[in-house]
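Colleague: Keeping their order, the protein sequence lines are chains A and B.
Its first residue numbered 23, the first sequence is counted upward by one per residue in this note's numbering.
Its first residue numbered 16, the second sequence is counted upward by one per residue in this note's numbering.
Derived by calculation from the structure, the hints in this document are not laboratory data.
A couple of the hints might just be wrong.
To be verified - Between beta-carbon pairs, the in silico distance windows are:
#1 B:Asn92 - A:Lys94: 55 to 63 Å
#2 A:Pro122 - B:Leu20: 49 to 57 Å
#3 A:Ile33 - B:Gly93: 19 to 27 Å
#4 A:Trp135 - B:Ile133: 25 to 33 Å
#5 B:Ser208 - A:Pro181: 28 to 36 Å
#6 B:Pro148 - A:Asp209: 30 to 38 Å
#7 B:Asn173 - A:Thr27: 34 to 42 Å
To be verified - Lysine-lysine pairs mimicking DSBU-like chemistry, simulated, CA-CA at most 35 Å apart:
#8 A:Lys126 - A:Lys54
#9 A:Lys247 - B:Lys90
#10 B:Lys90 - A:Lys164
#11 B:Lys24 - A:Lys230
#12 A:Lys244 - A:Lys54
#13 A:Lys247 - A:Lys230
#14 A:Lys54 - A:Lys231
#15 A:Lys29 - B:Lys90
#16 A:Lys244 - B:Lys25
#17 B:Lys34 - A:Lys94
#18 A:Lys65 - A:Lys29
#19 A:Lys247 - A:Lys26
#20 A:Lys54 - A:Lys65
What you are looking at is a predicted structure, and each value in this text was computed from that prediction instead of being measured.
Glycine residues also receive a C-beta, built at the ideal position from the N, C-alpha and C atoms.
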Amino acid sequence: MRSKTDKILLIVLLVSFLTSLYLIFAWAPQIKASNTAEQIAQKIFYYHVPSAWLGFLAFFIVFLASVAYLWKRDRRYELISVASAEIGVLFITLVLVTGPIWAKPVWGIWWTWDARLTSSLILWLIYVAFLMLRRYLPDGSKRANLSAVVGIIGFVDVPIVYYSIRWWETQHPKAVMASGEGSLDGDMFIAFMFALATFTLLYAYLLKKRYQLLVLEDAVNKQFKEMEIL
Amino acid sequence: MRAALSILKKDLRMEFRSKESILAMWIFSLLIFVIFNFTFEVSRLVMLEIAPGLLWVAFIFSGMFGLNHSFSVEKENGNLRSMALMPVEGGQIYLGKFLSVTFIMVFFEILIFPIFIIFYDLQLSVQMFMLIPVILAGTLGFTSLGTILSAVAVHTRNQQILLSLLLWPLVSPIVIWSVNLTGVVINGEITGSFYPLLIRVGAFDVIFFTLAYMLFDFILED
């Protein structure tokens, strides 16, 4: 199944990841901070934020694929939704891991029940439950229907979760993309955008690969079933 | 609508015939207050602050009781399939189940609330009546999401744990708001931001209900 596009995509990914590392650690300026630990910790931002963005993108794709499945009843949409949910959980896990690593030197604590942190954790829980549901159900159209329904409800819930926790005071750094105070320095912005693009490319690659794997699994299972009949 | 009502009637009759489980549930919620009292040995002032949360923990557990039952009894007796074959919209079955689960949860809430007042020595005042719309709004949100997820979870081997895993994160916004609103009523003056928040909970109830009503057909089909 390794096609030419896959190979090209992989090479582009490798090159852009290396470039991204260079941009982050050598090219982008250090922030002005009281100690070096904080300066180094800031570098995590270049991976933390793109991971969060990818998590949302992935769950949005789950939602779209779920709607498409219920509409068209095409197995391919089901597989896309599963692949995307898995990748989304992976990236939100990265968010939840990189966040505390940054927070420890800067805030002095690993975790706090802050708005942004709590809602990210809830988001993670929603999609872990989605994946667990699929584990517990036998393969078939029933599973596809049920998980599509949960995929839709889950995504509708995401903005509500973020909205509901917003009245809490947040310690989390403000969105740095907005202009004004605390916005990104020009070179940092470039490094960040490059990391973002690289991560999005990684998502596309992972989605493609995971989808292909699921299709292969399907084919194998079908062969097994045929053998059983014989 | 008639299909929904007959499901409601059947469910209520069934639940209230097994009086032991109702008693057990009531004792259980009583235990929640006792356990929390021992685990957080705090002053009365702090207790009043966490009381709204405790109340909702008790409510949620009582709600889970109804939700766990709602579809599993149908499945055990093979009735799920017959329901799917009924010549009505799937939404009607959802509505019937939603109503019965809500009734049972409200029934428990009425049983739990007096104990809550006694244990936490709350002052009864006219303002307390504002708890009725607050609790109702929170309950409707919980059961509208809970009913459809219960119908999803019933198809798995581990339905009770899976229902909690699916429902709790999804329903957290409703619970957060309800706890918040309950706290405002119990502890303080009702301020200007109270009503918009209450309306917001109501609005999300409507969103969840409509979404579940529309999607329920897909859950029933094989």
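Colleague: For each hint, tell me whether it holds in the structure or not.
Modeller: Status of each hint after checking the structure:
no. : hint                            : result
1   : B:Asn92 - A:Lys94: 55 to 63 Å   : violated, 34 Å
2   : A:Pro122 - B:Leu20: 49 to 57 Å  : holds, 52 Å
3   : A:Ile33 - B:Gly93: 19 to 27 Å   : violated, 57 Å
4   : A:Trp135 - B:Ile133: 25 to 33 Å : holds, 31 Å
5   : B:Ser208 - A:Pro181: 28 to 36 Å : violated, 20 Å
6   : B:Pro148 - A:Asp209: 30 to 38 Å : violated, 55 Å
7   : B:Asn173 - A:Thr27: 34 to 42 Å  : holds, 41 Å
8   : A:Lys126 - A:Lys54              : holds, 18 Å
9   : A:Lys247 - B:Lys90              : holds, 28 Å
10  : B:Lys90 - A:Lys164              : holds, 15 Å
11  : B:Lys24 - A:Lys230              : violated, 50 Å
12  : A:Lys244 - A:Lys54              : violated, 59 Å
13  : A:Lys247 - A:Lys230             : holds, 26 Å
14  : A:Lys54 - A:Lys231              : violated, 41 Å
15  : A:Lys29 - B:Lys90               : violated, 49 Å
16  : A:Lys244 - B:Lys25              : violated, 43 Å
17  : B:Lys34 - A:Lys94               : violated, 47 Å
18  : A:Lys65 - A:Lys29               : holds, 30 Å
19  : A:Lys247 - A:Lys26              : holds, 32 Å
20  : A:Lys54 - A:Lys65               : holds, 12 Å
Going through the hint list in order, the structure does not satisfy hints 1, 3, 5, 6, 11, 12, 14, 15, 16, 17.
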